[in-house]
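S.K.: Residue strings, one per chain:
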Amino acid sequence: MIPTEYYIFLGTGLFTIGVIGVLTRRNVLIILMSIELILNAVNINLVALSQYFKHVDGQVFAIFVITDAAAEAAVGLGLIIALFRNKETVNADEIDLLKW
Amino acid sequence: MLNFIWLIPVFPLLGAALQLFFGRRFSNRAVSAVSVGLPGLSFLWAVGCFAQFLRLSESYHHVSLYTWLPAGAFHLSNGSLVNHLDVKVGMQLDPLSCVMMLVVTGVGFLIHVYSIGYMGHEGGYYRFFGYLNLFVFFMLMLVLANNYVLMFVGWEGVGLCSYLLIGFYFDKKSAADAGKKAFIVNRIGDAGFILGLLLMFSVLGTARFVDLNKALASFAPEAGYGVLTAIALLLFVGATGKSAQFPLYVWLPDAMEGPTPVSALIHAATMVTAGVYMVARSSHLFRLAPNASLWVAVVGAFTAILAASIALTQNDIKRVLAYSTISQLGYMFMAAGVGAYWVAIFHLYTHAFFKALLFLGSGSVIHALSGEQDMRKMGGLKDKIPITYRTMLIGTLAIAGIPGFAGFFSKDEILWQVFSNGPALVYVVGVVTAGMTAFYMWRLMALTFYGESRVDAHAAVHIHESPRVMTIPLVALAAGSVLAGWIGVPKLWSMLPEGFRAFERWLAPALAEAAEQGAGHSAGLEFALMLLSVAVAGCGIALAWYLYQKKAPKTEPLEAAGWLYRGSLNKWKVDEAYDFLFVNGLAKGGGSALARFDNAVVDGGVNGAGWLTRFTSTISIWWDTWIIDGAVRLSSFLVKLSSYPVRILQTGSVQGYALVFVLGVAVVFGYYLTR
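Protein sequences, first through last, are from chains A and B.
All the letters of the first sequence, read from the start, carry residue numbers 1 to 100 under this note's numbering.
All the letters of the second sequence, read from the start, carry residue numbers 1 to 675 under this note's numbering.
The hints are simulated quantities; they were obtained by calculation from the structure and are not laboratory data.
Fair warning: there could be bad hints in the mix.
Claimed, not checked - Only part of the chain A face toward chain B is listed, based on derived beta-carbon distances under 8 Å: (1) I17; (2) V22; (3) V90; (4) D93; (5) I95.
Built from N, CA and C at the ideal position, the CB exists for glycine as well.
Please model the entire structure based on the sequences and the hints provided.
M.R.: Given below as structure tokens:
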């Protein structure tokens, strides 16, 4: 079999890329995609560990996470559309309404 | 009634208190009712006490009210220890104080009644009656006191009321100045009185009249009687000030600035007689100090003739009467000076009647002429104000010493006593003055009532007799001026019953023994001298009649006397001399020193207090601005300062916030990994 650590590493790698994407990318759509990447990395971890512990809870939780990610993507897109209507931009660094 | 004798002064005191505190709200009628009713009540009470006293066998009656100045044991100047120095507020009713009390309340009451009419149209009606009642209170304290200290309270009080009443029209500068002058000159006399009183305390150990007389009877000092002369002279200085003798008479003519009832009551009948009363009270003392008594007589004589010489030429009707008062007071002191104390009091008593009458009559004339006081603008009033004319005629005859009227008996007795017991010069002065008195009084009558009218046209149309409230007192006083003398007829007229010589006998227990009837006490001589004084009076009147009525001149006939006339008209420049000697020096030097003191010290104090206030307020401002506000500003500054780093955290960049999340997670993660 493939050793579980490999899956963990994959998951960690994807998570890190996702986090860096969230923190660094300018375009809010890319930030959304990075958030999806984070969630998928978590899914990989969940499934791999479910296989390791021979417990099905991990996989069930992964289904929940997928559902959740889908809903969140919908809401996120709705937010971006509302934001674009107000600010005419999708650049994260131009949205500084909370600045002092 | 006698035990409540203290009510006699308290009634007018009550009136004074009511008027002076509340009188402004009362109507004139209410003021009149209270302020005339209360002295009237005093008079009735006095009559009652007198009647009761007559039936007592003792020669004096004391009512002691309370101890005013308690004193411990005290060493006299001769070393002996006395224990009875306490000064009590007490009243003494003896023949002398009876006479005075009746005169003050009786004549005072009549003058109060008169004032209702005279002052009816003046402002300050309640104030006038308040002061007048206050005066009666103090005068009664003076005459009823049983010791010198209480008498001095009344003495000062009447001086105060005199000041208040002379300056009644206080917005008139001359009146205000006259009030000041009266009070200041009086004060000079009071200084002498106090010194005499203190000397009396230290040498004789008492100020009560009764105890004093006992102490004097047993007084036998090694150092001689000089100290008694000193006490007597000092007390006489006080009398000089109060009773307007030379040199302290100058206030009385100026006192005519006050309303006429004031002149009648205070400066004719009562206050000015306080000095004579005091000397009579001290008769035992003066008996033992012959040098002082001589001085009293001489000063009295000099004053009498000096004042009469000024009265000859004066044109203001009240000034003539003022100088006449000074002159008659001189007569009283002449009598006291030669030891005839009862005669002095007798003249005081008759003088009260006719002088008050003359003053009130002159007030009636002034009232009729709408305020005119200059006799050159009077004349021909005899038929227009008949009651005033007739009563003043009676008063004039009384003061001139025409037989039958009151003044004759008293003045004649004075002249006889002076002739018998005093220096011849004093007698001559007395006779000459009597002639002058008759002259200037008839001159007054001639200029005022007889001849052609010289009244100003617009005053002439208003000439009217005074209302009854003013003429009834005039009539009453005129009756007194006739009848009052008949209780002191000389021994010469022994064909009359004893009752007619009651006055001397009545006063005898209260006074020192009269002097021995000196040489020449023959009935014939006395009768001859009586005729002489009547003749002199008659000549005075005749001369005045001739000069002013027979010749009916257009100008003052006395002007023919040249410098004598001018000197007399200018009061012999005595006031000017005083101004030069004392007043200017004190006013300018003292005044400027006082002004400098006032500016430097008093104003300096006030300014200093203001500066201090401003200074403390400056400190207060600094504190408030820098410390208090500084604390507030400091706190806001600190908050602002601490906001800089915090502000940096609020970038508005969501990614930045997310970075912080991640870092936080990393920290927590690291912590748990390395635990």
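S.K.: Given I95(A) as an interface hint, is the shortest Cβ-Cβ distance to chain B below 8 Å?
M.R.: holds, 7 Å
S.K.: Is the interface hint satisfied for V90(A)? The criterion is a beta-carbon contact with chain B at less than 8 Å.
M.R.: It is violated, given that the least Cβ distance between V90(A) and chain B is near 13 Å, above 8 Å.
S.K.: Against chain B, with CB atoms and a cut of 8 Å, does the hint on D93(A) hold up?
M.R.: holds, 6 Å
S.K.: Grab the minimum C-beta distance from I17(A) to chain B and call the hint holds if it beats 8 Å, violated otherwise.
M.R.: Hint violated; I17(A) Cβ to chain B Cβ min 13 Å, cut 8 Å.
S.K.: Please check whether V22(A) passes as an interface residue: C-beta within 8 Å of a C-beta belonging to chain B.
M.R.: holds, 6 Å
Checked against the numbered hints above, the structure violates hints 1, 3; every other hint is satisfied.
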